[in-house]
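Engineer: What follows is the residue order along each chain.
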Amino acid sequence: MKVAYYPGCVAQESGKELDMAVRAVAPRLGIELAEFPNFSCCGSGFIDESNYALNTAINARNLAIAEKAGLGVVMTVCSTCQGMLKLAKWNLAHNSVLRARSDKVLSQIGMHYQGSAEPKHMLQILVEDLGGAKKLSTLVKRPLKGLKVGAFYGCHILRPHDKMGFEDPEDPHSFEDVIRALGAEPVDYRGRVMCCGFPIQFVKPKTGQLLAGKQVLDAKRHGAHAMATPCPLCHISLDTYQKEAGKQVGEELNMPVFHFPQLIGLALGIAPDALGLSRHLVDTRSALEKLGAVGVPA
Amino acid sequence: MAMVKVPIDVHRGSPGASGHFDHFVLDLDEHTPVLTALLKIRDEIDPTLTLRYSCRQAICGSCAMRVNGKSRLACVTQVGPELAKRGKIVLEPMGNQPLLRDLVVDQQPFWERYHRIEPYLLPDPAHPMPVGKENPMSPEQVSQFQETPRCIACASCFSACPALDSDPNFLGPMALAKLYRFVVDPRDGGFHRRLEMVQNQSLWLCLRCNLCVEACPKDVRPAERIVDLKWMANQELGKLEPGSKHSIGFAENIQEGGLLNERKLAMDSLGLVGALGQLPKAIAMMRHGRSIKKHPPIQGKEDLDVIYRELAGREDLQHRAFTREGGVRGKSPPSTSAVPTATAATSSAPESPPANRPVSKGPTEGGKA
Chain A
1 MKVAYYPGCV AQESGKELDM AVRAVAPRLG IELAEFPNFS CCGSGFIDES NYALNTAINA
61 RNLAIAEKAG LGVVMTVCST CQGMLKLAKW NLAHNSVLRA RSDKVLSQIG MHYQGSAEPK
121 HMLQILVEDL GGAKKLSTLV KRPLKGLKVG AFYGCHILRP HDKMGFEDPE DPHSFEDVIR
181 ALGAEPVDYR GRVMCCGFPI QFVKPKTGQL LAGKQVLDAK RHGAHAMATP CPLCHISLDT
241 YQKEAGKQVG EELNMPVFHF PQLIGLALGI APDALGLSRH LVDTRSALEK LGAVGVPA
Chain B
1 MAMVKVPIDV HRGSPGASGH FDHFVLDLDE HTPVLTALLK IRDEIDPTLT LRYSCRQAIC
61 GSCAMRVNGK SRLACVTQVG PELAKRGKIV LEPMGNQPLL RDLVVDQQPF WERYHRIEPY
121 LLPDPAHPMP VGKENPMSPE QVSQFQETPR CIACASCFSA CPALDSDPNF LGPMALAKLY
181 RFVVDPRDGG FHRRLEMVQN QSLWLCLRCN LCVEACPKDV RPAERIVDLK WMANQELGKL
241 EPGSKHSIGF AENIQEGGLL NERKLAMDSL GLVGALGQLP KAIAMMRHGR SIKKHPPIQG
301 KEDLDVIYRE LAGREDLQHR AFTREGGVRG KSPPSTSAVP TATAATSSAP ESPPANRPVS
361 KGPTEGGKA
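Residue numbers (my numbering), protein chains in the order written: chain A, 1 to 298; chain B, 1 to 369.
Bound conformation, chain A alone (with noise of 0.2 angstroms):
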């Protein structure tokens, strides 16, 4: 299946371990990427608080340009970019006014909006597209076994649902099917649709701290070994402000946090430094040990 493949930012810079697994997990998966370097940001849910239009033109850019290259998926990895990219398709569909607006300028850099490509998480694409959890698991060399796994959706793939259109916003189980696919547990706790506090990490520190480490905790008092997360922006939160996060929750919580692709390299046997696992700030070696036949990354 050839997608278009839209990073994002984070995963560009700050988070490039998530690009390394998703390159390294695509081709096993069936996944070809196409690269397009003139993907800009989705606006991450902070440009169209201040402007509308702006928000929306730049998205219908992004989505125009998968379409010109015959292009009908453009797989996110990450629930932000998602959730941004299927707004804007959802804004062009439904408003007329904003559509115009978009079409005009998009029509002076000689561009076409159609809204013939769909932009699609790797997740919903591994489950609608790729034969599910049941493909998934005849894909697996290293089975997870013995790992308990807290999954963390992050928002803005699944809500709001009328106009993400993924699955049940509140009690969705893909990622865990996915998890159990892997050979690893899933972990069940409510953290895993709560939000990771991300989006006021610069604005209000300590309460997008706290938010990261009651959802943390949750799963940690879940019995989850690790958690793992389709969006980069949710592993800002979770892993390299896990230290702040403990000490608003008073308690050090040594919680690995993997990015979703690198779980199932894992579970691919691709060796962990390949999937770019010394980056992350919490050390995931609790983690690996559990595997046992995983090696441990220098």
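Hints are supplied without guarantee of correctness; some may be wrong.
So these bits of chain A aren't anywhere near chain B, every CB distance computed over 12 angstroms [unchecked claim]: (1) Leu71; (2) Lys104; (3) Ser137; (4) Val140; (5) Glu185; (6) Val193; (7) Leu277.
Under 7 angstroms between C-beta atoms, here's a sample of chain B residues computed to sit facing chain A [said to hold, decoys possible]: (8) His11; (9) Ser14; (10) Ile41; (11) Gly69; (12) Pro168; (13) Ser247; (14) Ala251; (15) Gln255; (16) Leu260; (17) Ser269; (18) Leu276; (19) Pro280; (20) Ala282; (21) Arg290; (22) Leu304; (23) Ala312.
Everything labelled a hint here was simulated from the structure, so no lab data went into it. We put the CB at the ideal spot given by N, CA and C, even for glycine.
Starting from the structure of chain A, add chain B where the hints point.
Structural biologist: Relative to chain A, chain B alone:
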């Protein structure tokens, strides 16, 4: 009609005592509302069960509680789908409000915030209310309320909100959605005062997690109205504090190269001192091989420049579809009429098309997906 065995765990307890769950198994039709199941328990098994309810048809908003973790009205939540999903039904009192007993909470924190937003029309010296007659609004003006008048104050959104759970300063989804309703009311004189009040207090604590949108039984969509409020605050008040600096700064940040310059964002939002506080984090990240460099500009950056040139800056209200008289700044009304009648309002904003509604909704094109 299919009868099923329904296992139900009901939270019991009072403040001060540690709560517990009582387990019941009822034979019910799968379409039975959770509230009906609870009344059956109370009437036939345990008369001490305490719950709050009244109309039984999603009008009074009394029976909100957490059903398998989700904030819901018990009267319109059927047992079947919950059973299919979770194998049992766990009923807990609403979140973010102190427990009184069993499934009943003290709603004072909810109402206190509601009162804080001054939920009534504030006088506008420039538009005195007509004496002895009504003050009508045009259908277009009424449509700007979006779905906010549907709110039945059930507090489901309040119960579901993770920001409230983490910061008591937050006004919460319902109060902010209600605030939006007054901010867009052309008869209200508190436009700037209201925006300034939330700008300073708590507007930026909304996480856009949209849990309130899912919890609301009336599709009021509080999170989307809060984005509208942020938009208005940004348009009207500019970069006042970290929240607005962050969202306005973000748009400017992307303008430079097309992708996010993470380092600059920290600087813009937190200021020099705040950004310096991030230095240990930056060093820790570098130790792990992570740098936060500036991306080279994207290919086709000149195309993005055109989009920014055409659309950035102060946003034209046309596509926002938000029309107070003469636009969001509230230009002087037509001197002949102090009352914004339908005709006056339309003629005073000739640039606004009839389909002018906030972008998050497009009723003329088919409404909700």
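Engineer: State the violated hints by number, sorted upward, taking the hints as numbered earlier in the document.
Structural biologist: 2, 6, 7, 8, 9, 10, 12, 15, 18, 19, 20
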